[in-house]
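Using the sequences provided together with the hints, build the complete structure.
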Amino acid sequence: MPFLFPAGRWPATVKDAGLLAGLLGVGPGASVLDLGCGPGRYALPLAESGFRVTGIDRTRPYLDAARKLASRKRLKIEFRHADMRRFVRPGAFDAVINTFSTFGYFKDPADDLRVCRNVLRSLRPGGRFLIETMSKEVLARVFEPSGWREANGAFLLEEREVVDGWSGLSQRWVLVRGGKVTEFRVYMRLYSAVELRALLRRAGFRQVEVFGGLERETYDNNARRLVTLGRK
Amino acid sequence: MRARAVSRRREWFGDDRFWRAFKPFMFDEDKWQAAARDADPLARLLSLKPGAAVLDLCCGPGRFSLELARRGYRVTGVDRTQAYLAEARRRAREHGLAVEFVRSDMRRFARPRAYEACINMYTSIGYFKRPEDDLRVCRNVLESLKPGGTFLVQTGAKEWLAREFRPRHWRERDGTFVLEEREIAPGWTGVSNRWIVVSKGRVREFRFFLRLYSAVELSNLIKQAGFSRVSVHGDLEGAPFDNTSRWLVAVGRKS
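Residue numbers (this note's numbering), protein chains in the order written: chain R, 1 to 232; chain A, 1 to 255.
Since the hints were made in silico from the structure, they are not lab data.
Don't be surprised by glycine CBs; every beta carbon is placed ideally from N, CA and C.
Where hints are given, some of them may not hold.
[Stated by the list, open to error] Footprint (simulated), chain R over chain A, 3 or more residues, beta carbon under 8 Å:
id, stretch
1, 158–167
2, 183–194
3, 210–220
4, 238–245
[As the list claims (entries may be wrong)] Straight-line C-alpha distance at most 30 Å; calculated DSSO-like pairs for lysine-lysine:
id, chain 1, residue 1, chain 2, residue 2
5, A, Lys146, A, Lys49
6, A, Lys129, A, Lys31
7, R, Lys232, A, Lys223
8, R, Lys15, R, Lys68
9, R, Lys107, A, Lys223
[What the hints assert, rightly or not] Calculated Cβ distances over 10 Å to all of chain R for the following chain A residues:
id, residue
10, Asp15
11, Arg113
12, Asn140
13, Arg171
14, Ser199
15, Arg207
Written out as structure tokens, the structure is:
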């Protein structure tokens, strides 16, 4: 957690939440589902901005951290432990977000489609689904086969490999904390903008826009992130 | 079919001046030598049997057609650029090689079940304005192949261009300069190019758009056309397609 969500810096700001809300075309009072909310990076500032937020995640320690922060800030947020392959609440949300490269984790590509279909069902008509992720085109530009970071006296060593004809990123994460070494294998399916757009359309989103960031940047060779916006 | 007539006049690749102007840069001596080196791995990747019939779609001046003919394959080279076909025929004559060169548009060319393999080399896909035309080409190839036949596409992929992208660069050869300027289309769907050639005190400018494919996108296109299995590689030796690859090589098999 200290690496993915460094102390004091990780919650997105109210300004970021405003950008997100602008893209989603929703105002205060709207209900937003944060799919893969983690420790509440966007759920917290969205709630602070007056949105009714539901955050789901499959990692309990993240949900605990999120709940603690929410209660400290006296924010009413529903945090639920759930798997996005199963979570559906028909017509319940004005918008759904999936940020910070939280897409493409499942082994079976059909599960990604299933998630998009679940989201479509959970949205009210006209509602929007935003995905913000690392893409093929961005990764191709910035790719480094290895690197390491440091936080709170611990070290994270990363090794990356592009696999399966550029359809996946296989990572080896070695966590060194107080002389204790723990290793993880992390796999993520990669999408190009065209591929992610095609997936969303296949799931039933009629209109899908593509951006290079939350400020509606053009998705081209200067883009640092891929943002897709599907409309029900 | 008449209703879907191909309007040649408005298409950039229908301008023979373009291909003549850039020929010294596209097909220099190094490229010819590379084809001679690549022909054996290419034949292996296609699992060609001796004497197999091969269609070279967008054969240009015949780099691969001639090398394959030299190895005993029965080759048909198809291209739409008259000047390239003339050179290909001249070279075939000089080397005593029998190759059939046909002037045709690959959106139209089909010879049912005539070939064991078809190749499309050196980024010769994605030129058409309409994405459906790329699919149409793949369907023509499927039709032209015998059952079990293979279709190989070698192209500069999205993943490679994203890594190597430079908005501008220029090259020089024998006193001729080529200036290139590129812009990625929104959504990374393709690349707009502006090429300027400065030769003998003359400046000519060409603009063209190339649709780009990722490995997954090209595989999907080939599958959509009806090929049963598609494998992707990073070169003609069959290396994996990854962050070090210069080329994307996709091979589809007709069942």
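Okay, the hints, checked on the actual structure:
no. : hint                : verdict
1   : 158–167             : holds (count 7)
2   : 183–194             : holds (count 7)
3   : 210–220             : holds (count 5)
4   : 238–245             : holds (count 4)
5   : A:Lys146 x A:Lys49  : 13 Å, holds
6   : A:Lys129 x A:Lys31  : 28 Å, holds
7   : R:Lys232 x A:Lys223 : 29 Å, holds
8   : R:Lys15 x R:Lys68   : 22 Å, holds
9   : R:Lys107 x A:Lys223 : 22 Å, holds
10  : Asp15               : 27 Å, holds
11  : Arg113              : 29 Å, holds
12  : Asn140              : 23 Å, holds
13  : Arg171              : 20 Å, holds
14  : Ser199              : 29 Å, holds
15  : Arg207              : 17 Å, holds
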